[in-house]
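Using the sequences and the hints, build the whole thing.
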Amino acid sequence: MRTVIKPGAAIFANIFRRLMQRRVALFLVFATAAHALLMLTFDLTDRNFGEVTVGLFLAVALPVTALITAGAALGDERAENTMPFLLVKPLPRWVVAVSSLLASVATVFTVSMIGILLAWLLGARATGDNMIGWPAFVAMVIVAIAYSAVFLPIGLLATRSTLIGLAYILIWEGIITSVVDGAAASSIWRIGLTAYADMNDGLPRGVDDLLANLEPGVGGALAKALVLAAVSIGVTTWLLRKRDMA
Amino acid sequence: MTTPNQPTVVVENVSKWFGQKVAVSEVTAQFGPGVTGLLGPNGAGKTTLLRMITGLVRPSEGRISIEGIDPHDNYRALDAVGFVAEDEAVYKHLTARKFVRFNAVLAGVQDPDADTDRVIDLVDLQGAADRPVGEFSKGMRQRTKVAAALVHKPRVLLLDEPLNGADPVQRSHLIDLFKSLGSRGYTVIVSSHVLHEVERMADRIIAITDGRMAASGDVRSLRALMTDIPQTIRIDADNPRILAAALIGTPYASGVRLERDTIHVEAADPAGLARAIARLAKQHDVIVTRIQPEDESLESVFSYLVHRR
Chain A
1026 MRTVIKPGAA IFANIFRRLM QRRVALFLVF ATAAHALLML TFDLTDRNFG EVTVGLFLAV
1086 ALPVTALITA GAALGDERAE NTMPFLLVKP LPRWVVAVSS LLASVATVFT VSMIGILLAW
1146 LLGARATGDN MIGWPAFVAM VIVAIAYSAV FLPIGLLATR STLIGLAYIL IWEGIITSVV
1206 DGAAASSIWR IGLTAYADMN DGLPRGVDDL LANLEPGVGG ALAKALVLAA VSIGVTTWLL
1266 RKRDMA
Chain B
230 MTTPNQPTVV VENVSKWFGQ KVAVSEVTAQ FGPGVTGLLG PNGAGKTTLL RMITGLVRPS
290 EGRISIEGID PHDNYRALDA VGFVAEDEAV YKHLTARKFV RFNAVLAGVQ DPDADTDRVI
350 DLVDLQGAAD RPVGEFSKGM RQRTKVAAAL VHKPRVLLLD EPLNGADPVQ RSHLIDLFKS
410 LGSRGYTVIV SSHVLHEVER MADRIIAITD GRMAASGDVR SLRALMTDIP QTIRIDADNP
470 RILAAALIGT PYASGVRLER DTIHVEAADP AGLARAIARL AKQHDVIVTR IQPEDESLES
530 VFSYLVHRR
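So the sequence lines, in the order shown, correspond to chains A and B. In terms of my numbering, the first sequence opens at residue 1026 and continues consecutively. In terms of my numbering, the second sequence opens at residue 230 and continues consecutively.
Source of the hints: derived by calculation from the structure; they are not laboratory data. Check each hint, because a few of them may be wrong.
[Stated by the list, open to error] No farther apart than 30 Å at their CA atoms in a straight line, the calculated lysine-lysine pairs in the BS3-like style are these:
#, chain 1, residue 1, chain 2, residue 2
1, A, 1031, B, 327
2, B, 408, B, 382
3, B, 382, A, 1031
4, B, 327, B, 250
5, B, 408, B, 367
6, A, 1031, B, 321
7, B, 321, A, 1267
8, B, 382, A, 1267
9, B, 321, B, 367
10, A, 1267, B, 250
11, B, 382, B, 321
[Said to hold, decoys possible] Residues on chain B that point at chain A, a partial pick, calculated with CB under 8 Å:
#, residue
12, 283
13, 322
14, 522
Cβ coordinates follow ideal geometry from the N, Cα and C atoms, glycine included.
This is the structure in structure tokens:
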């Protein structure tokens, strides 16, 4: 096991640094801080804090951030022809898959931190509840894992993974899962929403219909995200072994 | 592991097609210690063949092994392999030293710092080692990639157009390095379309055209294989007109051309022509000062091979 920790850590650090140094990372920092900046413009209450956090951060900014990041984790390696540096090595391919997934999650976590912390600070000051930002933080971690799990192998396979992901978020998650009974279970960002709802005893009234028929629950949400991560590692490893990586 | 007499890399009846396009077709070859040049025009299938040996591309048919292990089934085969890809891709945000060290860590090198320093010296990059690779010229990037490929002391070095972008001094340095590695027992496989460079560094040449192996051997033996194509021989003599007239009447010369004091003979049978020159020179009292094949360069050999197909 020790023989894969150092290479795995090196791959993690390299992909994390590359993802953070892209110009789009700065845009993603602003995108994930948009809800916090919006909170500066009105008097915050428990309810409107929740509405903005769910409606802007969890439903829009975070999924877009996670898909752009995860799609690029290995997608950029392939697009920029740097894959041979990872794969022509005496190293099991699952190490590359795990390291990439962790790097993607860590990047989403890092770019979202300013928005999370700023919103937390503003919410705590306005409401006196020092734990007001904790549910959004937990939901962010779960959504980052789930989206990274789904879009890591898609980024490896498809050159336009971001477009595919945006279409998925807008059409499937934004429209179809809201109008088709039972489809909400296939919505990735709602995995995080169930955790958020559980930690807040439900969703604020203005956005409570977003949960559809899903049961709130942090444990279940985390379990779903981890299952997606395990499947993603398996699929990505298989792709790295069996597909041409020219 | 293989013994010294066994080939290090074995390619058995390997084909690769991408959809309808056949990139490599039924190539069988064995590679052992020394430098082997993979020679062919762009699109001939050299890069695909090298990438199949590295495990990056799976053969559609056939089998590849490195020291007896299939790199597509067992990643441990890649412990023996160092690879320099054709493109300029590097991690631009890393310095050359960090880039090479990254490759050392991934290859499981015991002391990455020491081995990084060693190969940076080897490719003569000491002065630029702490600059980001993104600032490098194409030639310096190539040297950085060569250093990264060598950092774990691989026994098989696969180089896809490694001299691209290098200036003449760097080219000369890299050619000497590859030749030295080949003479020290490394299996070095170099692909190139720059013919005179392959000629300078390779002990053996495999010519590929249209995805197929056109020929293999050293330049001289490849040329000798082409018995149906006349060789051009240059002859310098003190009285070339008399010798040229005498050669026209022999069955060994299919064409004779005189330029100033030099005779150019199209020889269908070079060995017979050599004997005839000696006999005719003595018979006509002509002093021959030089006999030299004009087209034994790799370029002309390759040109023949391509056009013969």
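To see whether the hints hold, each was checked on the structure:
Using a Cα cut-off of 30 Å, the hinted pair residue 1031 (chain A) and residue 327 (chain B) holds, with the two alpha carbons roughly 14 Å apart. Straight-line distance between C-alpha atoms of residue 408 (chain B) and residue 382 (chain B) comes to about 16 Å, which keeps the hinted pair within the 30 Å bound. Among the hinted pairs, residue 382 (chain B) with residue 1031 (chain A) is consistent with the structure: their alpha-carbon atoms are about 19 Å apart, no more than 30 Å. With a CA separation close to 39 Å, the supplied pair residue 327 (chain B) and residue 250 (chain B) exceeds the 30 Å bound.
For the hint pairing residue 408 (chain B) with residue 367 (chain B), the CA-to-CA distance comes to about 22 Å; that is within 30 Å, so the pair holds. Distance restraint check for residue 1031 (chain A) and residue 321 (chain B): the Cα-Cα separation of roughly 22 Å lies within the 30 Å cut-off, and the hinted pair is therefore satisfied. Distance check on the hinted pair: residue 321 (chain B) and residue 1267 (chain A) sit about 28 Å apart at the alpha-carbon level, within 30 Å; holds. Of the pairs offered as hints, the one joining residue 382 (chain B) and residue 1267 (chain A) holds, with about 27 Å between alpha carbons and a cut-off of 30 Å not exceeded.
Restraint check for residue 321 (chain B) and residue 367 (chain B): the C-alpha separation of about 12 Å stays at or below 30 Å, so the hint holds. A C-alpha spacing of about 20 Å is found between residue 1267 (chain A) and residue 250 (chain B), which places the hinted pair at or below 30 Å, so the restraint holds. Note on residue 382 (chain B) and residue 321 (chain B): the hinted pairing holds, with a Cα-Cα distance of about 24 Å set against a maximum of 30 Å. Because the beta carbon of residue 283 (chain B) sits about 5 Å from the nearest beta carbon in chain A, less than 8 Å, this interface hint is met.
With a least beta-carbon distance of about 6 Å to chain A, the hint placing residue 322 (chain B) at the interface is held under the 8 Å criterion. For residue 522 (chain B), the suggested interface contact is broken, since its CB lies about 40 Å from the closest CB of chain A, more than 8 Å.
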